[in-house]
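These protein sequence lines are chains A and B, in that order. Just so we're aligned, residue 1 is where the first sequence starts under my numbering, counting upward by one. Just so we're aligned, residue 1 is where the second sequence starts under my numbering, counting upward by one.
Be aware that one or more of the hints could be misleading.
[As the list claims (entries may be wrong)] No more than 27 Å apart at the CA atoms, straight line, and that leaves these computed lysine-lysine pairs for DSS-like:
1) B/Lys50 with A/Lys15
2) A/Lys21 with B/Lys158
3) B/Lys318 with A/Lys15
4) A/Lys21 with B/Lys432
5) A/Lys2 with B/Lys188
Quick caveat, the hints were computed from the structure, so don't treat them as lab data.
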Amino acid sequence: MKQEVIVVTEDELAKVEESVKRALASGAFRIGLVVVARRRSRGEIIGSLRTVLKGNIFPSISLWIVQSQDEVERIRNLNLGELYE
Amino acid sequence: MSKPVPQVILSTDRSLMTDHHGKEFLGFGTTAPLILPRKFMQWLFCPPIKHEDGIVWQAPYGLRRIEARLLHDGINAAVVDPDYVPKYIERGAKILIIRHHDWFGLNPPTTTWTAFIDKEPLNAVLFREFIENVCKLKSRYDFKIIVTGPAVWQWLHKYELIDKYDIDVIVDSNGDREEIVVSRIVRKLLNNEPVPSYIKIGIKDNLTVDKLVPIVHASVNGLVEIGRGCPRKCAFCSVGNRPVRWYPLDFIEKEIQVNVREGLDHGILSCTDVLLYGSDTVVPNPDAVLKVNMLAKKYWRQVGWSHCTLAAAVADKKLIDSVTEILIDGEHQKLLGVEVGIESGSVKLMRQHMPAKSKPFPVEKWPEIVEEAFALFHEHNIVPAATLIVGLPGETEDDVNATTELVRRLRPYRSIIVPMFFVPMGPSRLGKEEWFRRIKPYHVDLLVTCLDHALYWAEKLVDEYLTGMKYAIVRRALKWFLSKVREYRPKIIEKLREFAESG
Ligand code: SF4
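Here chain A stands alone, though its shape is the one from the complex (with noise of 0.2 Å):
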C-alpha cells in the first residue's frame, strides 16, 4: 500500500488539508503526518487538525509532533505498514 509523509510546522496546520487530498490523489493511503512543534501543546495541533483527522474516512493518518529535525528523519524512514499490519 503506497505511504506517504508530510511535514510541516506548527505554524503551517492550514496547509495539511490540501496536502492530503493532493496525496490522496497520488494513490497514497497511509500518510504520516509529521508536525514539528516547539511551542503548541498536542492538544492544541491535534485540535486544529480536526477537520483533517474527522472528515476524511479514506487514508489511514498517523500524526506524529516532533520537536526536532532528526526525529522527522526518523519517522520518514519509518514503515508506516507497520502499525496496522
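Take the given structure of chain A and dock chain B with the ligand to it, following the hints.
Structure of chain B with the ligand alone, referenced to chain A:
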C-alpha cells in the same frame, strides 16, 4: 507464587464496566442526565461487576478483543475494574488502554437529553471522575495512556483535555483493525520507540477475517460479534463506510464457548444487521441466519440481537417465523430485544441521506416498511428499541411532522422509540455538518410523542423483561424511575416548549 502484574491494563469507567444487571436495555439509562440521586441511578443502570483482585468477570467486547490480540502477540495484558486501575498502576503496569463509546456525553442519545435538561449525564460524570483519578497518578508513576474506540473523534472537540489528562496516544479506529493497531502501538511503547499521537484507520485498512483473534474471557452479557460493516451506507453513519464481513460459524462458536465456560447462560449476537448474516446483498440468507441463531441457542437460554434492519425483516417474513421459533422457547425466553433504526418518517430525508435503508424495497415505501416490520415484530414477540434522528441536514417542519405521524401509527406495537439529535459523528459522510442543538416548536410534538410511546410500553414491559425473584428489586426500582419520569412529564414538556421558543 503471585501472578506477575500485567504490563498492560485495559479499562473503562463504570457506565460500561457493568453488566447492567444482565439486561442490556438498562444500559440506555447511563446516558440520562442526573435527574435522580446519582447513587440510585448508578445502582440501577450500571452496578459494579464481579471481579477477583480487580480482574473483571465480564468486560465490554471491544476491550476483550484488544486483550485477546495483546495476549496473542505475547504481551501480558488484563482487563481491570475501574476502581482497581490505580492499584495496578502502583503495582507497575506500564500502559493503560481506555475504550469508550461516549467519553464526554457527546453522542446520541446523551446529547438529546442534555440539550434541554441542564444536568450532566451519568456516563460523562463517571468518565470524568475515572480519568481524573487516573491522571493524578501520572506525576508519580511512569505509564502511558492510550484511548481508543469508535468515538474518539470526541477528543477532537475537547482537545484541551488531551493535555489536561496527559493522553499519550489516540487510536481512531471506528472499531476496525483497532486491536492490531493498538497492539503495534503497545509494542512500540514498551520498546521505547516513537509512536504517533493520533492514529486514524482509513477504510482501506479494514480488518480481514483471517486476522481475527477470538476473545479469551467473558464479554458483557455474552455479546459476540458475528460480522462487521454494513451494505446500506447511510450518510450519517460511520459503520456504513466499512465493507461487510461475516465471521465464520466456528469463530463465533469459539467466542460463545468462552462466555459459557465463564458462566454466562445468555448472550447477544452483534453486528449491524443479524438478519443479513451470511448475505452479500440486502436480502437475508435464511439458511445462514438460522444456523447462527441455532448455534447461539444451543449454548444459551436467552439470545438477544444487537441490531437488525426493518427492511430485511419485511423482505423475509418467513425467516422471522422460523428464527423466533428457535429463540423464543416460552420457558427461558419470552421476548427478543433488538435495536433498529427508523431514523425518519420523511421519504425526502430518507432519499437524501439513506436511500438504501429501505432496500430491497423502494425508498418511497419507507413509512409502510417501518409499520409492517413493527407489526411483524409485535406478533413475534420481538421488541425493537428504535432510533430516530432529529435535525438531519435539510430537515423541514413537514419532515418532522411526517416522523411524528409515523411514531403515532406505531403506538400499538411493543417497542421503545428514542429520538436522537443529529451529531456529525466522524468519520461519516455527514461528519463535517453542524450539530443539531436548537429544537423548534414542531420538534416538541415529536419528542413528546416519543416520550409517551416509551412510557406506555416501558411500564407494560417491565414485568415481562425483568422476570423472576432475581429481579424483584430492580423491577421495583425501574417502576419507581418510570413513575418519576411520568410525574415530571408536564415539567419536561414545559421545559421543551421554553427551550424551543428560546431557540
Ligand atoms: S443501516 Fe445502520 S449500520 Fe447500516 S449504514 Fe445505516 S445506520 Fe449504519
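These are the hints, each one checked on the structure:
1. Taken as a hint, the lysine 50 of chain B and lysine 15 of chain A pair is broken in the structure, with Cα atoms around 51 Å apart against an allowance of 27 Å.
2. A hinted pair counts as satisfied when its Cα atoms are at most 27 Å apart, and lysine 21 of chain A with lysine 158 of chain B qualifies at roughly 25 Å.
3. Among the hinted pairs, lysine 318 of chain B with lysine 15 of chain A is inconsistent with the structure: their alpha-carbon atoms are about 56 Å apart, more than 27 Å.
4. In summary, the hint linking lysine 21 of chain A to lysine 432 of chain B is supported, as the alpha carbons are separated by about 16 Å, within the 27 Å threshold.
5. Only pairs whose Cα atoms come within 27 Å are accepted, and lysine 2 of chain A paired with lysine 188 of chain B is accepted, the gap being roughly 22 Å.
The structure fails hints 1, 3 (numbered hints given earlier, in ascending order).
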